[in-house]
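> One-letter residues, chain by chain:
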Amino acid sequence: MSARETMEVDVVVVGAGPAGLSAAIRLKQLAKAADAEISIIVLEKSAEIGGHILSGAVLDPAALDALVPDWKERGAPLETKVKSDSFRVFTKNGSFAIPSFFLPPLFSNHGNYIASLGSLCAWLGEQAEALGIDVFPGFAATEILYNEDGSVKGVATGDMGRAADGSEKPEFAAGMELHARYTLIGEGARGSLAKQLDARFSLQENAQPQKYGLGIKEIWEIDPKKHCLGHVEHTLGWPLNNDTGGGGFLYHAAGNKLFLGLVVHLNYKNPFLSPFEEMQRYKTHPHLARLLEGGKRLSFGARAMTSGGWQSIPELAFPGGALIGCSAGFMNLPRVKGTHNAMWSGMKTAEAVFEALSIGRSNDLLAGLNARVTDGEIKADLKKVRNAKPLLSRFGTLFGTLFSGFDLWTNTLLGFSVFGTLGHGAPDYASLNKARDSKKIDYPKPDGKRTFDRASSVFLANLSHSEDQPVHLVLKDPSLPIARNLPDFDEPAQLYCPAGVYEILRDEDGKPRFNINAANCVHCKTCDIKDPAQNINWVPPEGGSGPSYQGM
Amino acid sequence: MKVLVPLKRVVDFNVNIRLKADGSGVDKTNVKMSMNPFDEIALEEAVRLKEAGKADEVIAVSIGVEKGQDILRTALACGADRAILVIAEEDVEPLNIAKILAAIVAEEKPELVLMGKQAIDNDCNQSGQMLAALLGWGQGTFASKIELADDAIQVTREVDAGLQTIKVNLPAIVTADLRLNTPRYATLPNIMKAKKKPLDITTPDKLGVEVRQRLTILETVEPPVRQPGIRVTSVAELVDRLKNEAGVL
Ligand SMILES: Cc1cc2nc3c(=O)[nH]c(=O)nc-3n(C[C@H](O)[C@H](O)[C@H](O)COP(=O)(O)OP(=O)(O)OC[C@H]3O[C@@H](n4cnc5c(N)ncnc54)[C@H](O)[C@@H]3O)c2cc1C
Ligand code: SF4
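Chains as they are written, first to last, in this note's numbering: chain A, 1 to 552; chain B, 1 to 249.
The set of hints was computed from the structure by calculation and includes no laboratory data. Take every hint as true, because none was put in to throw you off.
Here are the simulated DSSO-like pairs of lysine-lysine, each with C-alpha atoms no more than 27 Å apart in a straight line:
1. K32/B / K72/A
2. K226/A / K28/B
3. K28/B / K72/A
4. K195/B / K32/A
5. K195/B / K206/B
6. K20/B / K225/A
7. K54/B / K169/A
8. K81/A / K20/B
9. K296/A / K32/B
10. K511/A / K440/A
11. K72/A / K67/B
12. K195/A / K269/A
13. K196/B / K32/A
14. K2/B / K196/B
15. K449/A / K226/A
16. K169/A / K145/B
17. K2/B / K167/B
18. K193/B / K50/B
19. K440/A / K269/A
20. K193/B / K32/A
21. K169/A / K193/B
22. K445/A / K296/A
23. K449/A / K28/B
24. K476/A / K269/A
25. K197/B / K32/A
26. K109/B / K195/B
27. K169/A / K50/B
28. K225/A / K28/B
29. K109/B / K50/B
30. K449/A / K20/B
31. K2/B / K50/B
32. K20/B / K296/A
33. K296/A / K28/B
From the derived model, a few chain B residues whose C-beta atoms are all more than 12 Å from chain A:
34. D81
35. A103
36. E107
37. D123
38. M130
39. R157
40. L207
Note that this is a predicted model, so its numbers are computed, not measured. In this text, a Cβ means the ideal position worked out from N, Cα and C, and glycines have one as well.
Construct the complete structure from the given sequences, taking the supplied hints into account.
Okay, structure coming up:
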């Protein structure tokens, strides 16, 4: 193995999402105010900042107001204020709106903005660089480095130029070791390093298991006559059945764009369910069909989100660093918002790190970090909605929504919950029924106008991924997909992966073979979450690989 | 010997471009931009010449918007010694590019200009040739192999019939084809070091060049969408459809 270069910094941040960039910016602001020198490096696996970010997004600007109070003057890409809000329940052919007086106030989007989180991150990246923070897009952190005492010493970036068989190509360049006094992990939902840290330090041990949803999003340019700038719509119900949690969103953004998406909770039970096909079917509902008529699809992407909420927040600190943002999981499910909390957590963790650095500490445990990060805004936001997800899981969409509506009201008005704090039950990978006990779902064929197949969709994610590199979807036991998943669950990877990465191919004798088209991967992390055998390990491919989302 | 390498910032080759709603050109808002792949190859070759002790200095130059600094920083990380950005509007036409480059050549006095054979956005394939004409230098275009001797350069060119090897006296222009080499990665340590390398910013004005665009784009259209295929159920249906729908029988 070629020798790796090493560099010492004060803080290394993994991931240039809202959490990572907010942490870096806050830290540098504090250092400037105290006239202290703090060196910060931010690593981002996407070739460009924001290129791997996918969000709704309706953004609550509270945390941004606190981080960069003059963001308007500095040209932050938050231009479209939410003007109107609606919440609809879909049946197969119709829909009805839930009157706003039924909805607890937390559902209101007054004061929020419709924006692209990817663009906001690109802008935050510029702010960070202007402060003197080194932000390096195109470099994935692939390894946690440990000190002899077991504390985290930093991270290493991945090698570049390894061939599929692992050998070094002529243009091979070894990764680099970054040794830091504190390492912050802001990889977003289901981080690959966060997963290793959890395994090593049992961070999730005293919390409920994390829960997830898969969001599939498309950007459309629609007929200006049907576009209603600033309108936000959330939907429940069809195409998802009562047993499958999730919902849709329709955000009317600037430039006659419609941000359209469907979230499917990953504790769905039917192995024949395909979140991708559900999303395609969603667009055939009369309410959407009308909006999309004459429009054009511009982009496609998918990303998992956390949905465990308050009960699932893990131990945030580990010796030598902390989890921030959705790597820990601060998503508010009923509000479909996580960005503000991701930013709060980054900022508050930065404050704790700054104090520790100021008194010469390093590579130790930031004790009491959970309370420090969550007391205040995050707790106020998450605690009152803590039972929404468990109620949906238990009672299905219809009664779950009614009960959680009731629960949200008692929490809002009276400050308590008759349910106490409910648990989440089994993790998402354990929720599938056996294939033989499940009903096949007959999804309609794509029409090429409103509904599409995976190949033409993934095309719009602008993937770049050199084929000649080791497969980054690592099977712990390569025999399991055929030996266990296929007979038990009809190998659900074929369907849950929104990008068509996994296929069962058959040779002439009908013998099945598990095929991985790694170059199609859009980095949504669903396979790592949902594989019933927990046999797929998602690791970052060569830096800069993956989608190149624009304005997602 | 000094080597000058001109670099263009273009829409990344992985991006599916789309047209602006009014059809006036390609929509570049929020679009990922990167170094033109052929220019990357030219740069790599220049750096290899330097590493082999055949060149003393590699100067990267880009003409275009201020953001072009990004690709120049990448070039510095990949081994260029210094960089020059000539601030101009986007999509300056080849003749203007050639004139600006000629002015830089007059100042820097390189003996070799190594550039990409064409930019992947407008596919003009003109700048190198025009520069050679303006300077009165020899040129070796579509290079898939080069060998530097004392006062000349041997260039293997990719031509329709196969490969052609020519000898060009120095100073010369060489334009790179795809097979010349595989460019290296900009590594993290090198990107860090590149931040300290010099990057000068100038303008066509300062170089004494008047940029006059001569072409007007009348229209930009998307290629026609391919109709999805259909599955026929029988030979009879196939024949029928070929006859009555496609009209080819
Ligand atoms: C479909 C969908 C809709 C949503 N809608 C909304 C909404 O309307 N409003 C709202 O507020 N929130 C919304 N959210 C949630 C919001 O997007 C997240 O809460 C937020 O993005 C979390 O920020 P983060 O910084 O923790 O992680 P992320 O935004 O996921 O950013 C993580 C970054 O780290 C990078 N990274 C990961 N691993 C590595 C590694 N090993 N090395 C280097 N880089 C790495 C990633 O490429 C990425 O750039 C939505 C989420 C989804 C999926
Ligand atoms: S392979 Fe996994 S991470 Fe990649 S797109 Fe498919 S499900 Fe998502």
